[in-house]
Every structure is written in C-alpha cells, then in structure tokens.
Amino acid sequence: MDPSEVEFLAEKEVVKIIPNFSLDKIYLIGGDLGPFNPGLPVDVPVWLALNLKQRQKCRIVPPEWMDVEKLEEIRELERKEDTFTPVPSPYYMELTKLLLNHASDNIPKADEIRTLVKDIWDTRIAKLRLSADSFISQQEAHAKLDNLTLMEINTTRSFLLDTLNCMYKLRSNLQPGSSGGKSQDHQ
Amino acid sequence: MPCERKPMRYGHSEGHTDVCFDDTGKYIVTCGSDGDVRIWESLDDDDPKSINVGEKAYSLALKNGKLVTAASNNTVQIHTFPEGDPDGILTRFTTNATHITYNSSGSRVAAGSSDFMVKVVEMYDSSQQKTLRGHTAPILSVTFDPKDEFLASASCDGSVAVWKIEEQTQVTSWPLLQKSNDVINAKSLCRLAWQPKAAKLLAVPVETTVQLYQRDSWAQVGTLSDDLGTQAINVVAWSPCGKFLAAGSIGGLLTVWDVESKLCVERQTHEKGYTVCGLAWHPSGGQIAYTDTEGCLGVLDGLSSSSSSSSTTTSSTMTKAPASYDDLFDDDDDRPLDEGISEGARSPAKNPGDEDDDDDLIPATGRARNRSAFLDDENSLDTGSLKQGLDKFVDDVGSAIVLPAAVAAPLRPVYDGPMPTPPQKAFQPGSTPAHLMHRFMMWNSVGIVRGYNDDQDNAIDVEFHDTAVHHAMHLTNSLGHTVADLSQEAVLLACPGTDELASKLQCLHFSSWDTNKEWMVDLPKGEDVQALCLGQGWAAAATSALMLRLFSIGGMQRELFSLPGPVVCIAGHGEQLLVVYHRGTGFDGEQALGVQLLQFGQKRRQVIHGEPLPLSRKSHLSWLGFTAEGTPCFIDSEGVVRLLNRSLGNMWTPVCNTRDNCKGKSDHYWVVGVHENPQQLRCIPCKGSRYPPTLPRPAVAVLPFKLPLCQTTTEKGQMEEQYWRSVLLHNHYGFLSSSGYEIDEEGQSQAQKEQQELLMKMFALSCKLEREFRSVELAELMTQNVVTLAIRYASRSGRMALAQRLSDLALEKANQLQGEEPQEEEEEPLQYTRRNTGSGLGRSGSAGGQNRVTNVLDSMMSSSKKPTALLSSSGSTGKLNKTPFLKPLAPRPKTKVQHNSVYVRHKSGFQLWLEDNRRIILADNPDLEETDVIKEAIGRFRTLSADDRSVAVLDILIPVRQAPTTIPRSKPLKSFVLPIHSLNSTHTQSMSQLSLPLHLHHVSNSFHGGPSLCGFLFDPCT
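Chains as they are written, first to last, in the UniProt record's numbering: chain A, 1 to 187; chain B, 1 to 1022.
For reference, chain B alone in the conformation it holds in the complex (with noise of 0.2 angstroms):
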C-alpha cells in the first residue's frame, strides 16, 4: 500500500493542535493553540478560512455542520460550519476540556476535561447531560462506542476506563498508562479509538504499541506493534472501514496496521521527527491527515484500503479469544509498564498542549531533542521487550489463530546505515526564523529590521541603532518580503514569488544622493530570492537556481555565477562577499556545506575556493558574516565561534563557545555582531530558547573571547591564550593595510607591544621552570629588540647557555631582516602573513613597527642619543637611508635623553640599575605595584655580586656617557672599551661572552637606523 507523504505546511503557532475532516471529506480542519479554527479545501489551500475561537483550542470534532470545539475559556463551544458563526455553548468546565468527540450519529457530544470529569452532552438540547466521574486525574481522551452504548476514556492517573453510558457508571477500567499529574506532563495523549462500523474492538496506544480490548468481554485481544516504533504512541485513529489503524508516536513515526492480520502495512515518518498529535483518515479512507505539536499540518495520500491483498474474511478468530486469558494479560501489562517508566526517565516528557504562552518565542530544544530520539538507534530499548510481548502473545493465542509467518518483520527491507540529513534551509544570519508573526528580519550591527505579519498589520520597520545614519523607516510590506539586508547605505529587502507574481528585490538606496531612493528588479520566473546581502556599494542576491547574482547599489546588474550547490546563507563587507552552501549531503545529523570567500574591487578574486566549513558535530550553520574588521566569521548550533586565520593559510579557528557562558542547558546566546578591537561578541542571551523575542525589546550582551586552549588554568595556558588570541585577532591590520585601507596605527602598535610584553611574561616564566628550550622557541617568536631583553634576562639570572643562543638567535634574526629587506617593497600584499605568523620576523618595513618596539625598549630608546645623526654624518650606503626606519625617530627620543642625561649624574647605581631592569622584574612579577617593585629591585640588586653590579650600571652608563659625542664610524672606539678592560679579569670575561654577539646584533641595528644601544660596541672589527 505505498503512499506519498505530502511536504508539511505551517497551520498553526507552536504548540498542540488537532485535526478532522468534515463528513464529505471536502475539507480538513485543524485548530491549534493560537486559538483558530482552519478550514483547509486541501493541503496546498493558500487562504484556509480561520474561526477564532478562543486563546487556544485544544480539541475539535465536526458532524453534521456543527463544529464543536474546546478552547481555553472552559467551554465546548459549537459553530456552524462551514460559515464558523457560534451558535452557543455546549457545556462548560471548571478547566478546559482537553478531548471532545462526537458519537456515531453525531447526535452527542463525549467531553473529558481537566478537573477529572467526562460529560455526555445532547447536541439538541445541551441541558441534558451525563456526568461521568471516577477518574481521579485529568481526562486525556474519550471515545464513544460506535453503538452508543458504552464511552471509553482515558485519564492521566493512569487507567483507561469503560463506562455504561445511560447507567453512568464504570464497567470496567485498566491501569495502562503511566501516572502524570497534568495532560501537559503525560507522555503520550492516549487518543483512544473504537472501531467503526463493527464497533467489536477498542484501539489503545500503551507506549509503543496499540492494544486492543474486545467490547463486551473486555478482554486484550491483540497488540500491534511496529520494530521501528522506539517512541510512544500519541494517537490512534480507525479507518472509515475499521480495517486498518493508523497510529502517530511522539517520534513522529506514521504507522498504519492491517488490524486482522496485524501486519504494518505503512509506515512513514514526519518529516522532521516532531510529535504526532493529531490524526484523522478521510471518510473515503485513501487519506489521512495529521498534524504535529509545532502547528503544522501533513497528509498522507493514496491510501487505498481496496488494495490491501492481506485483508480476509472478517470472521477472524482472533477477534474471539476467550475471557479466560485475562489473567495472563495482566500479567504482561504490569511488566511493560515497568518499563515505560524506566525510559519514560530518559525521554523528555512531551507538551502536547499550550507548550508556549507567547507566540514569538520557539520551544527551544524540542526540535533536536525529538530528532536526536528519533535517528539514535541504540536508543531504542523497548523493541526486544515487544517482540518478546508478541511472541507470548503469539503463544498464547497461537493455538487458536493461524498468523502469517511474517508478523514480526517488518514488510520493507530496513535500511540501517547512516541516516542522511535533512540540508538546512536557506536563511539570513541575523534573523529569527520565517513563520514567527513578529520577528527580526535582520539585526546587525547597523540597526534592525523588524517585520510584522498580523491580522492588522504586515509591515517592516527599519532602526537603526546610530540615529545619525538615517532616521526609522516604517514600510508596509505589500509585497510579502521575507528575507532583508541592512547596512550604512541601503536595506535590501526580498520575496519569494508566488504562482502570478516573480520573486522580486527591493533596495532602498537612502545614501543615494538624488532623489529616487528606491530600486525594484523583478527576477525570472520560477527563481527565488534565497539569501542576500549588502556589501559597500554592492548587493548581492543567491537564488533558488543556484545562482548569484550581484548588483551596484545603485541598482545596476553586475557579474552573476552560478553557485555549486544550493545556497545557505550569504554574507558581505566591504568588498568581501562570504557565500555558503551545501556541498552534498550529511549524515547522521552533519550538514556538508562549502564555503567560498570572494574579494571584489580591484584586485578580483576568489581567496576561498569552495572547501569545507568546519561545523562542530551533528550542529547546522547559525551565523555567517563578517567581524567589524572584515574577517570572516561564523558560528554553528552548538555556539562554537569560528574565525578565519588568514595567516594560517585561511583554515577557521575557534574562538568563542558561547554555550559555555549559558546557566541554563536550554539557554543560548543570539549573535549579532562579532568585533576584533575591542575583542567583544555581541549577542543576545535568550533564556530557553534560541531565539529572542520581537517584545520586549532584548538588551544586548557582550561576551569575551577565549581560544580553546589546553589548561587555561595554568599561568602558562592563560598567557599562552592570551598571546595567541591577541595575535589571531589583530591579524585584521595586516589584511586591512594590504588591502588598502586606513588603520588604526595606534592600536596595532599597542597589540604588537601587547604580545611582545606576553611573550617576555611566558619567557621569563620558561626560564624560571628551568625550560630553556622553551625560552628559545619563544625567544624565536620575539622582536629583534626585545630578543636583546631577553638575553639580558637570562644572563642577569645567570642562565650563560641560554643567553649565548638568544645571541646567535639575535644575529639570525638580524641577518634576515637585512636580507628581507630589499624583497619587502615587491611583497607588499603577503607581507601581513608573514608579520603574523609570529615566526619572529616580526620587524617589518612599516613606520608602525618601529614604533610598536620603542615601548618595549624604553631604556635602550633613552641611551641611544641621536642615532639617525651619527649614522647620517657616516654617510653610510645609500640603500640604507632610504628605509624608512630612519623617519619616525627622530623628536621622542631626544626630549627623553634631555632628561636623562640631567639625572644621571645624580643617580646612584642602584637608580640606573633599577632603571634599566624595571621592565624585568614587571615581567616577573606583573602585579606588583611601585613600592613593592623597588623592594624588590633592592632584593635582586643585593644578590648581584659586586662585579656583576658595576657591569650592570657599567652596561647602561657607557652608551649614556658616550652619547652626546657624535663619532664617526670610522674612528675605533677602543677608548670606550677601555674601561671595561681596566675592570678586574672575571668580569671581563662575562663581558665578552655576552658582548661578542651582541656586537654584530647592535651593529646591524644601527645600520637600520633604528635606535642603537651603544656605541661602545662599534668594534674596529665590523
């Protein structure tokens, strides 16, 4: 019996709904918990005609032209239909009622309710009613025997009971289902259903299977279940013939039994896993319609009951089974039901009803959580435990029935492979999702577009959060547009197109300096705007056929292509334009999406060639766009942050997971914007959802970085975090200058000293765990200047070894960067890669970076009196002086030695020492304040020996002495080394250990111009 599983369409808001067909089966109806009644001519029916009812409704029955509702005030209302005029209340409650039925004739009404009560009421004449009371919790279903005779009910304190209609007493009751104490908790909604026409068998679902109960002997007679069926079953419904029985589970599993043979004779799944809680067949039987617990509504088509070859006679004895079996179904009741509540622990508990008082905001786990159940096969406990029911139950009653030999399997191969994954839709980063009636159609870090879908009102406001870019717009949104862009330029807006109208986009150009501000272009016909964005001056459009196509802002078409695979989401700035789509298909709940990254302006081209985008496991894109520096950025459902390392050959490094910052499990954060300087994500927090509501208007967050580095608890693993994240975030001043624009020179030059002081902080840390390994690798990552930090450090601390290879280091670096130095004007655009890649080569040609060095280097800086003047009167090689290093020196360094020079004749040892070693102990001790600092200098000076102190105050006064005379290069300075030499032999010695290498270093230095430290090392040799 194949039949074809219509796509699901939106019906209703969020939260239970049910549905009917009416006695012609011309129309389906469906109410939910926005309170309306659907009329549906059929699925595709584009204008259904809606009857309020109430603030929610949560059941319905039709017959007869009346429709008869429970809605949230109490009552059981009727309507006529199919105009949906009241015409009065049935009955009232003193809760609502939660499941209403009509009886076969349609002459009565059987209401259960939440105070614990079912009522029969006379259609004709309501004041004649029958109260049946006994159920001690509220009533989750009611069915009336197709006779009239006796009504079935269940009720959340666990039992499903018979009553005699006209006697209103009870006739017998079983305890089935597990307890709960409300219809929202139970686990499943218990629809009971009593076969038509015959009316010989009662329908149960008990967890995952549909018992059924003989009338009269009220005896079980059958189970039938289903291998696939993991899930409990929410409803039951009979076909028209009462052949068949259609059952909806809470995994969203659709199963359809011959009831005589109990063979699963269709079986189809929702199509996104949500739970069943509505289910009606279509008085011809070929149909059935059902709707889920997020509001939408589906249809199963082509069923047709003739064409089941499996149905026989109707004078099945199974239908027979003696009386006397009870004992032995007791037996097997008890021992399901254990279970139930065993898994009824591990699986959430379901909200079929008013899950969501507010409309806007979206049950935020239900839709993984269902899904997750619903594909994780291990999961599925209860199928050996069912099958072993059946077998008894085959035992049992074997004798007297002959089953086909196929009961248990089930009738289509099984496919037990990874389940491929539904692709995710197309969306707008920045948006809340399509269906909602107030949502966010964009909020960016411009403004906001809001859109308004209501019965009064469908209409777009545009804010924007600096006032000074454009006042708030309001638009009524004729058009029916869905997706929109917003940047400091224009809003770009979208629909899709509908059967007589093309999809079509609207830009409202408001920067645009004549006065037609707005621009309309009509796509061809059958494409559909999927995705766009706004670049600076460009806007950008994906479509349904795989293409992109792109606009000037003014609304001239530019360049189209076509995209490999169909779009996700796009994003833009500045020139750069982020598209992603899906590459083929996941599995096991993976999405497969490519990424490409295009570069307009002059230099056209692609940077990333369609590879991969890194998700986290079993998670779907999020959002997709840009940091506030142009790099791009994205963030998947698990809120892993991901940031492109341009420096690290374009692969995405994770920065952020804002789930960690969530108290709640069901919390997420909503981004909005992500920004490099100052390091801040700037979200939304939404307290059990993953979306914030349109009202009241939600404050944004701001959350902080944190690479995911090992033991952040350590000293070493923050430092280490810090220094990485500092480097990785300022990778944008590199991009940004190599792509012509203005930077900010200020704060690259404090992030550059910011890493350097991190990178002397984790030295000295290494040398004080005795790594001086370590120490050297970090040394590597250093500047030149601070290399020269880092060897007095070491051999301060008396680490010789370690001090001799930092020089060779020094002298490497040294060379290097003089051998770099004439290809640096032909790299230009590569040479942000390499400043950052943290390989220590760190000094290249730009003003920016000599400046950054001079902080770190302060008292080098002050000793070096005139560099430029002594360089420039050698007259040394005309390359040279072209550098740039030359220029940016010159009036800082003065005023400084100005000052030096006055104090340090006053100054005693210990002052100059201190001076010069301030930075080292700060290094050591980073929050140490100024007392605490000289306290400690004393400590340290104290433990110098005497020789070690006059070199040390030696090292610092011999360039200060030697500075205010300008030398020429070519003169030896032997009378500065002199000195040293007259000092006694053991210092000598340390002296020229550490000065050879240090000679070469300070040389090339000063070739550079750059500010050199002594002269006393202008050895005759070099």
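In isolation and in its complexed conformation, chain A is listed as follows (with noise of 0.2 angstroms):
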C-alpha cells in the first residue's frame, strides 16, 4: 500500500466546516450530505472539505482531538507507555498533514500542533523500531501490536517483511552447511 493511499482512506473521515454559502442537500453515493446553511456547522468528509477550503467556500473546524493541550497530553502518555496507547484518530497523522497544509489559517496554533503530532509520530516509530529489533533478536514467529495505525503499518511493512524474507534466505542457506552455526550464536 502506498501512503498516498492511506491518506486517499483519510479523506473520508468527517470533518465540521462552517461553509459560507448556501446549498440544499446534495445526495452521493456514500450517503447525503449538507444542507449547507451559512454560518452553520455541517459535517463532510474531509476531500470535500479541502476542495471547498481550496475555493475559499469555507472554514474548516479543527477535530476536537486537534488541541494542543490534549496532544500533549496524549504525548505524554505515549512516551510513558511501552506500549502503544490509543491515538484520538486513526488517521491522526494524515488528517494533520492534510488539515494543516491547507487549512493553517483556520487551526489556531498550527506549528505547536504540527510539533506535537509529529512527536507523537516519532516517538511511536521508535517503538515500533524497537519492537521490530527484539522481535528479530528474539527470532519470534508472531507478534501482536495494538492500537497501531494503517500508515504506521504501512511505514514499516515492505521494510520488515524484505528483511525477514533476506534473513530467512540467509538462515536457510546457512543451516544445511553447519548445524553448530546456530549454536554458535550462542555462545
């Protein structure tokens, strides 16, 4: 799966816009949407919202989670844990991204949140970093890994799954030619 495409997934996430024009409900085939009352609060997901934002048809009303004091306390709780902790969003990375290239001016404290997602984000590739490492170190079959996003998956999949396919090959060649060589590991 490519990014583009989990963030193409990200864009049907609803997002509030307050539009600045007037339109009845208009009927798609992933279900109806509006009315469009300005100066109303309406819910669209988030490809409609950016197109309508690009025209300057409308403001777009930050997610509830996107605050700078509830992102830092979700960052503090994620470099607490050593496991993953439950995102507000499971597409909280994209939506930032998304939200914040186009819609800066209608987020207040847009760089601090920017900081803060993109904290959260490393501090969470590390762990999955981590995990991945003793995973490996510890030659384990299965793993599970909770509250895990489709981008992080995404980040890390072909990178994991071509090294453990080069290290089975590796191992593979090497165990006909020497039974001791996996003992010699341990010692």
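None of these hints come from the bench; they were simulated from the model.
Careful: at least some of the hints might be erroneous.
Stated by the list, open to error - DMTMM-like, lysine to aspartate or glutamate: derived pairs with alpha carbons at most 25 angstroms apart:
hint, chain 1, residue 1, chain 2, residue 2
1, A, K109, B, D87
2, B, K665, A, E69
3, B, K687, A, E72
Starting from two chains that each stand alone, build the complex the way the hints lay out.
Now the structure itself:
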C-alpha cells in the first residue's frame, strides 16, 4: 500500500466545516451531505472540506483532538507507556498533515500542533522499530501490536517483510551447511 | 456629612485595581490588571495618561514624584511622576509583590510579596533592604507606622503582624483572618492602615468590622462596624487628618466612620455592588477615590472633615484602654473568626487580583453574585453577632468611656422595603459589551460585525456568513461607532455624540445599484443613538430623546414617533419592528419592560401595544429578535427563550431554556439566531462566561426547542410536547401567507401531516388507556378526514360509544366547514389564527390544506375514484364548484386507482385489510419494522370475528368495485347497499350503527369535491 492510498482512505473521515454559501442537500453515493447553511457547522468528508477550503467556500473546524493541550497529554502518555497507546483518530497523522497544509489559518496554534503530532509519531515509530528489533533478535514467530494505525503499519511493512525474507534466506542457506552455526550464535 | 457619589467610569479591564492620589491631590492615579497606570486629572478626564508598567499591575504608591508599582514580572519598579519615565527597579521578589506602600516621608518603600516576605527598601539606595521573614503565606498588605518605627503586615496565613523595622523582628501578631493559600483566594485583601499623624491606632479590617489596635500596647481598643455591612471589608483608609476612617467592602459598601465616636458618618454603595479593592483619600480630605474589581473608578465628593460636628477633643479615653483587657478581647476574637469560616463557605471567594487572563472574557457570575448577595438582606447573618460583640465591648469598656447613645443605631433611616433594580442599559442584541477591546458588535444570521479598539487600531470588520451576499469589509472606525446592525442590504452603524460632534448614524448600503453606497445622518444636538436595527428597505434608530426615527434604506427620513420609555433594544425583520423599553422601575432584581410590535408595509398597524414583556424572575433581557421566519422572540438572562404565539392573542410562550443544556453552572449559551423550520436555536456555547471572545473564533452550536410541558418523560407528555411545539412553530406559515409572502407549501403540508399523525398516535394511546373522553378531545383537534380514521380505529377496537361520539363530531365539523366556507374569503387575514388554534377546523380553503390530508388518508384516497368527475357530472350547485378543493386532486388519485384496481382482484381479504389498517398499526406502534407490522396485522386480523373480517374487507372492497362506474347522483345506490343486507344480521347491525353518521359525513365531503370514501353511502335519503 502506498502512503497516498492511506491518505486517500483518510480523506473519508468526517470533519466539521462552516460553509459560507448556501446549498441544499447533495446526494452522493457515499451518503447525503448538507444542507449547507452559511455560518452553520456541517459534517462533510475531508476531501470535500479541503476542496471547499481551496475554493474559499468554507472554514474548517479542527477536530476536537487537534488541540495543543489534548495532544500534549497524548504525547506524555505515549512517552510514558512502553506499549502503543490509543490515538485520537485512526488517521491522526494524515489528517494533521492534510488539514495543516490546507487550512492552517483555521487551526489555532497550527505550528505547535504540527510539532506535537510529529513528536507522537516519532515516539510511536521508535517504539515500532524497537519492537521489530526485539522481534527479530528473539527470533519470534509472531508478535501482537495493538493500537497501530494504518499509516504506521504501512511505513514499516515493506521494509520489515523484505528484511525477514532476506534473513530467512540467509538462515536457510546457513543451516544446511553447519548445524552448529546456530549454536555458535548462542555461545 | 452628605457627599455626592459620582457615576463610576471605566478605568481598566476587569480585575484587581488600586488607586491613590498624588501629593498635591491634583491627580488620581490608578493601576489595573491590564498592566497600565493611568493618571486622571479628574473623574471626567477623557484622556488619562497611561503608563504601561508590565502585564499586570498589582499595587502602586506615589510620593515625591516617584511612582512605585508592583508588576507581574516580580519586580517593584520606579517611574517618574507625572512624566512616567522608567526610573529603575527598586527590588525583586521570587513572585509578584502584592502590596506596596510608602512611609510618611517617602524615604522608604515597604513591599509584601506572595513569596511570604516583606521588604523595606530605602528609596535612594535600593541596596539597603530589610527583609521581614515570619509569615507563612503570601502577604496581603503592608503599612508603615507614621513614626517609621514599626511596620504592620497581614498575610494569607491568617495573621496580622507588627514588626520592628530596625531589628527586623516581629513585635506582635494576631490570628485575625481566615486562612487561605493565595491572595486571589483570600476572602478579603485586608488592607491595613495606620493612623496618620498621631500614629496611635492601627486599623485592621476583620470580617465585616474594622478593629482598632493601639500602638505600643498592641491591644484592641475598639471596633468599627456598620449594621448594613454584611460582607467582609476589603480595604480601609484613614483620612489625612486621622479622624475618619473609610472602608470599602466586598459587596461594594463604602463606609466612613468618625473614629472617636465610632459613628458611621457616611455610607454609600457601589452603583453595581462590585467589590471595592482600592480606596484613597484626597490629601485635602474632601474626596475619596475608589476602584473595583471590574476595573472601574469612582469618586465620592464633598466629604468635609470640618463639617463633622461630632468631632471632639482628641483626648478620648478610648485610646487608653488598659492592656489588661487583652484576654477578654482574645476571647472575642475567636468567635467571629469561627463565624467567618461558616460565612466564608457561603459567600464566594473573591478574586481581587488577576481573575482573568483573557481581556475579552467577562467573569460570568461575578456581577450577579455580588448584586444578589448585596441585596439579599436575609443573608446578613453577622449583624446580630456584631451587635452583640459591640455590646460586649461597650460593657467592658463602658465604664471608662461615655459613648454616645446612638452608637449602634444607623445614622440614616433605613429603607428595608423592596429595592429598586437599576434599569438595564440599552444594548444591541447579538453584541458583546462595549467596554471590551475586541468585541462582536453584531452577530446575526447574515454575518458578523467585529469591533477592534486597541492601541494600534480602531477598526470594524464586517464579514458575511454567505459570501454571495457581499465580500468582507474592513472599515476604520474614526467616528467611534459603538452599535451596529447588519442585513442582506446594508450595514448600519452609529456612534454616541461627544462635546463637539453630534451622534451619527452611518449606513453602508452595499446593495444599492448606484455608485453611492453610503449615507450618514447627524442627530440633533444632545440626542444619542442608543439602539438601531435594519428591516427590509428601512432602518430604525432609537435615541436617548425617547424617540424612534425611521429611515428608508436609501437614507430618506421617514416616520418618527415617541417611545413610552427609555429604549432597551429594538429589532427588525421584513416589515416588522419590535421595540422593548422600560415601562417603569422594577424592584428586587426584576426589570419592568414593555414591548411594542409594529408592522409597516401596506397595512401599517401596531400589533402589540406596549404590553409588559414577561421575563423570568430577577432576570434581564439578553437577546431580542425575530426568528428567520419572522416570529418575534426574546431571551432573558436566565436563558429562557420565548416565542410570540400569534394564535394565542400574541402571548409569549417559552420554547426552550438554554441553561438546561449547559454543563457547568457558569456556562452560558450566547444566542445568534432562531429558526422555526428546521427547529433550531443557533448559539455559541460559552464556557464560564456569558459572552464569547472574538478569538479563537467561536463555533456555532444548535440547540433543539423543548416546550416546558409537564411529564415529558412519559410517552403521552412527549407526544403532547411534540404536537404543541409543531403547532407553535408552524404558526408562521399562517402569518406569512396572510401578510402576502410566499410560503413553503410542502413544508406546511409536511407539518400538518406530522401534527395529524401525532394526534392520531395520541388518540390511539388514550384509547389504549381507556380514556375515551380524552380521545374525543383529541379528535376535536383533528381534521375531518383524520376523524374518520379515528372512527374506524374506535369501531375496530370495539368502542362503539366512542365511535358514535366521534361520528357526531365529524358531522358537526362538516357542518361547520360548510357554514364557514362563504365567510372565508372575507376573513382572509385572520385565517391563520383559526387554522392554527387547533380547534379542529383545520380544513380551511387553501389548496395546501387539501394536499396535506392526502397522505394521512392514502387508503381512502385510493379508493375514491374520480370524485371530481362524479360531482361535476352530477351538476351540483355552482357555488361548490367554485371552491378550490376541486383543482389540485386530479392527477394523483388516477394513477393510484389504476394501480389499485389491478391488484384488487388478486388480493386476499387480509391483504386488503392490511392495506387499510397499516396506518393504524403504525400509529399504535410507530417503531415497528415492516415484517413486524405484518405480524402484528396478522395477529389483529385473527382476533377479528369472521363477520368483522368480511365487513372489514367489504368496507374496502365495495367502494373499489363501485368506483369504475360513474353514477349520476340522482340515481339511488341501493344496488350497492344490497350486498351488505345479504350478509347476516349481526353484522348489518354494527354496520348501520356505524354507517348512519358516516353517510352524512361523506356526502358533505363529496359535496366539496374532496376524496369521497364510498359511493355506497349515497343513500336515497340524502
């Protein structure tokens, strides 16, 4: 899966906008949207919100979790716990990126939020690397990781799988030659 | 000693303030939580000099041209006075200083800080500092002994201590105060004051009294109290002569005592009851300046110490109270302290200091809380105990002193009847208070007008919700506009007049098609615009001369008329103007407001003639306007939304309480718009305040309406609430159509359908509960066609008595309808009232009325084939043909009937029955799924007796069978009645019971060309 594909999925998330135009309900395959009343918040998918924003047809109301205090809390928790903590949105990274890139003027303290989300992301990726490392070094067959988001899985998937393949090949080449090779590792 | 209380004026933003005079008494100097020191030449000085000393200023002192301030950067700074140039830093603390004071000569400054320390610093060499350690909590206040020997300090640890400055030791300490952990949580600021000149007495505010301690002996020698003082005293200040002592309390009471006689010589209350936190005597002694925690400055003028006749020789024995009385007073001290705690639990903690970081936020409850506490006499628990304490004191010391007889008696006659409420000021609905630097001047359904008034900029931003109306505008506010309104056509602004300039009304008529999009009008001298509004094609301004001036939107002056009282606010919509004014003086927190509703346009008239506006108890008006559909609406400070009920003689009906939706006690909703269709109350949730700040941009939330009906938890209550809400909120259709506007007919028919369905549900419910009388009452509200449905329901469920009554009712309705018809055309303007009274005469002559019932009676519609053809061919009277009932029906039934007749042949009896009864089943069990409906139907069908079944089916079949043939009306229909007779007798009985009234009903129905149910009911007898 490509990151852009994950982003595409994230664009289906619902976000509140305040339109500055008036439009009746629109009927789309994915469901009905609207009616749009100027000045009144309405829920729309992110892709539409961004489109409208780019045409200066609306203001985006940032999701509730996109708030410095809440993110700081999450960051602290993330740093404190060894395991992955639940994230505010399954697409937190993608949404942050999308909204901050296109509608940073509607989001108070956009820069701080960007930093905080990046911090959370870095912490989680570090954890992910760490667990991958212990997974490999302990030669486990399977591992269970909770609360991972799609994007996070994606960033590590191709590399991890390739690596495991590669190591498998190396190991299987090694084993027939000398069965003591493995015992040497332990010594 | 009569004195004059001058009106308060805005000095600083809300929060703790302090005040002092300069040495000459020429200037009043204040500081506030906005970090500014302002130098006022007088109270009327419109352009005080401002010196910024930091983010917040906690305290200031001024002597010898040096201004010392305690700022939030933990320093004590010096500025030159009056130039205001920085002159270095005197000292620093680890947190902010809370109070600073000069000694009498101005050579030293003492500062108390939140880090528990008191520092005494030499003015001319700030390196010479003396630190007084010993308090275990933040320092509340400090004061110098005029002879420079001692220093007294009060602290949050509850103690008041006296220090010997040179030795830096504590001389004595009294546990007088309630403990707290910080200055902002302290009950009182406890500003101590040492008697000037004589230096004999130290005044300590303790609870509601001021205790006097004698120098050297450190014994309590007197207590000053006031019967009216029910709240803790915050600050005290000695007159320069040392004979009088002024005190300011939490509740805004200002008291001046003659210290020797212990008589209260002056008593004034703060005009709004805010906490007094700064108090200073003019060096001449004739004036007191005071500031409150809302940042306002006030002055008491005309105090003259010489006029006091009670001043006696200074050799009062009182000041020589022997030290041996110490023990007695210690006992005395403990008791009030305990009481103080219990009272402290009740009266909310005051935040004299930096209550609020955000300038735009108003402490929501502070004002109301203060006022109520002040007005509430029953709350004054301490008066008795104080008197007691005083009596005790008199007993103890009385032998030594001859006290005037009237010690405890108040000087003036006390009026303890209902207190008049200060009338609420004129305001613009949808605006935040004018003293804010960044404020909303208007937020309505069209857009937002924001006003900025800070150092860099004085500007107005206009923004439209719908950018299609107009692009956003930015105006420089050179005229100082304070009120604004916004409509689809124009922006209307007005500024109050000044000495030189008259009050102006400015209109930006952006929708004008010529190039000149702006006009301005000067009001006559001395007349100020107080409220304004825009309607469609007109603008109105209410002025201080009790006048309402109308303008056309292009700037032509139109009518003007006098208002019956000072205006509170006005609102416009379309051709309607709503004016609210003061009818008189309210008492005990109530406002006495009157309301007028005027209508312009072709029919100019006054709809509401100055009737009282029904506010909640002890509340004021907080929003006034129209719903988007044009129904007048207002909201009071208790959050109750009331809507004008035009069908109930223009009464006001409460439709929502916004406070019910609040989470916290101090949360409010700030309403920006009301919509009836869809039912929405658009408002901004404000956490801990009444108004939203301009930044971050607040988001609009939507609240539902809810009529405060009883027992809305029960099914019955819910349905009743829904029904009446629907009736109330669809009144506007009638109003709009009567005043010639286009209406959304689909919406109207939808609403009517919803109401009738609710009625049917309620009918079914009360049938189930064996409440037949109530069922009939409900049926009275139904339209004629729904009554037929109700009759069926009743007869199916075996309630023949009920069915009989209902059919009488239906007959009556039909007659009324017939009798009414000729009148209807004449009565056009009043039509809406009748239709919506719910009296059941709902089927008025409009085409919409016909449409709406079709959905309710689909089954009947489908079975009545070509009723129009039937009637027209029968050549009924010309009058009936004229009625609009005939027109709109043609296409729909036709298709339906075809569809129906195809199926009829293949349908089983049950299917037919189901088709007919589905609605009733649904009405009974509105939440059933399709399959469940069928199951339920099967169950019911089975319970019917065989006969009933055939009747039920016949009931439906016959008309269908009959339908294809068009029968001349003259021809008797016996042939169709015959099959019924051929059925067995029990069944015919029940039929006849039923069908007799039905005959008449349906005949009348078909006369009107409406969907007639059954041809077979055309009996020869009619």
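Hint by hint, here is what the structure shows:
1. A:K109 - B:D87: violated, 37 angstroms
2. B:K665 - A:E69: holds, 23 angstroms
3. B:K687 - A:E72: holds, 21 angstroms
Of the numbered hints given earlier, the model fails hint 1 alone.
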